[in-house]
Amino acid sequence: MDSVIVLNGKERRFFAENVPNTLSSLLTQLDVLETTAVVEIDGRLVHPKDFSETLIRDGQRIELVRFMGGG
Amino acid sequence: MDMLTLAGRTFRSRLLLGTGKFDSNETMTRALDASGAEIITVALRRVDLDNPQDDLLSSIDQKSYLLLPNTSGARDAEEAIRLSRMARIATGIEWVKLEVTPDPYYLLPDPVETLKAAKILVDEGFVVLPYINADPILSLKLQDAGTATVMPLGSPIGSNQGLHTRASLRIILEQARVPVIVDAGLGLPSHASEAMEMGADAVLVNTAIATAKDPLGMARAFKHGVIAGRLAFLGGPRAPHLQASSSSPLTGFLREE
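For the protein sequence lines, the chains are G and F, in the order given. Residue numbers for the first sequence follow our numbering, beginning at 1 and rising by one. Residue numbers for the second sequence follow our numbering, beginning at 1001 and rising by one.
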């Protein structure tokens, strides 16, 4: 079954064969290195050590942030 | 040696550097090195999913610098706290430069929301370095709340206007029980130097270095400006006065008195 996740404020559809099971697999699909990402799912922070065990579900709102240049 | 102590950690450099606005990560890392800075600020933003491998931290030797995440972009206490928690969970770093700037045009800090966020973050174990207007009463309230520093502005962020807040800064410096870091608006090494001459413990610079034609040269210039200002402060400058005071003896002239 296809799945829709709201990623950084935008809906993204994953086709059934590509729906990521875990947060780690989502980051891999997005080409985002795990060690560089801070993740919030439905407003709750996920500790990096839990990325591989955190399950992704249809309809979740996921924020992916990382450090950028700033003053 | 004259060291800067912040929240129990000591630093040789009294120049903190921001990492924004550099035209490349390579220029940034070279400017960081040239500045001698040991504390550098970083921001948290959404990952650009069209450019997912763009990673600032891969360019920075984290053993050489203390990363100081900021809460830039936060419009109220709640957003600032959210960003602070994100930064801590990602890095384990408990230090945060607290910025709450509801107005994007002047980027002036909101004193009410900043104090509110500071109290909560201190309770949660953060080392809080709050960016504030040069408000002596707010400075005292933040110190009482347990912040590690106060960071009054010289003029609006990135404006290069220099120290427009001298009179209030003097009061803040006189009353401070925590280190005072003058942040924002410093456009020239002489601005940084003046802040240090007045007794600031450190300064934070970003735009003036990152957007200079030669960021490396400007980083060096700020490094020396900060050192000169600090040495001048320690040297005990004398107050200015109207009347001249001869540097040479006023006796033994080649004329009849």
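No wet-lab data here; the hints were simulated from the structure. Small disclaimer: the values here were computed from a predicted structure and weren't measured. Heads up, some of the hints might be wrong.
DSS-like cross-link-like pairs, simulated, lysine-lysine; straight-line CA separation at most 30 Å [to be verified]:
no., chain 1, residue 1, chain 2, residue 2
1, F, K1021, F, K1213
2, G, K49, F, K1063
3, F, K1021, F, K1063
4, F, K1063, F, K1213
5, G, K49, F, K1213
6, G, K10, F, K1021
7, G, K49, G, K10
8, F, K1116, F, K1141
9, F, K1119, F, K1141
- prompt: Holds or violated: K1063/F with K1213/F, Cα cutoff 30 Å?
  reply: Distance of about 29 Å is within 30 Å: holds.
task = Quickly compare the C-alpha distance for K1021/F and K1063/F to 30 Å and report which way the hint goes.
result = Satisfied, since the Cα-Cα distance of roughly 23 Å is no more than 30 Å.
Pairwise hint evaluation, K1021/F against K10/G, where the allowed Cα distance is 30 Å at most: holds, 26 Å
Holds or violated: K1116/F to K1141/F, with C-alpha atoms at most 30 Å apart: Answer holds: K1116/F to K1141/F is near 11 Å, not above 30 Å.
Checklist entry - If you draw a straight line from the CA of K1119/F to the CA of K1141/F, is it 30 Å or shorter? => result Holds - the C-alpha atoms of K1141/F and K1119/F are around 10 Å apart, at most 30 Å.
Holds or violated: K49/G with K10/G, Cα cutoff 30 Å?
Satisfied, since the Cα-Cα distance of roughly 26 Å is no more than 30 Å.
30 Å limit on alpha-carbon distance, applied to hinted pair K49/G and K1063/F:
holds, 22 Å
Take a quick look at whether K49/G and K1213/F sit within 30 Å of each other, Cα to Cα.
violated, 43 Å
**Asked** When you check the alpha-carbon spacing of K1021/F and K1213/F, does it fall within 30 Å?
**Response** holds, 12 Å
Consistency note: the structure conflicts with earlier hint 5 alone.
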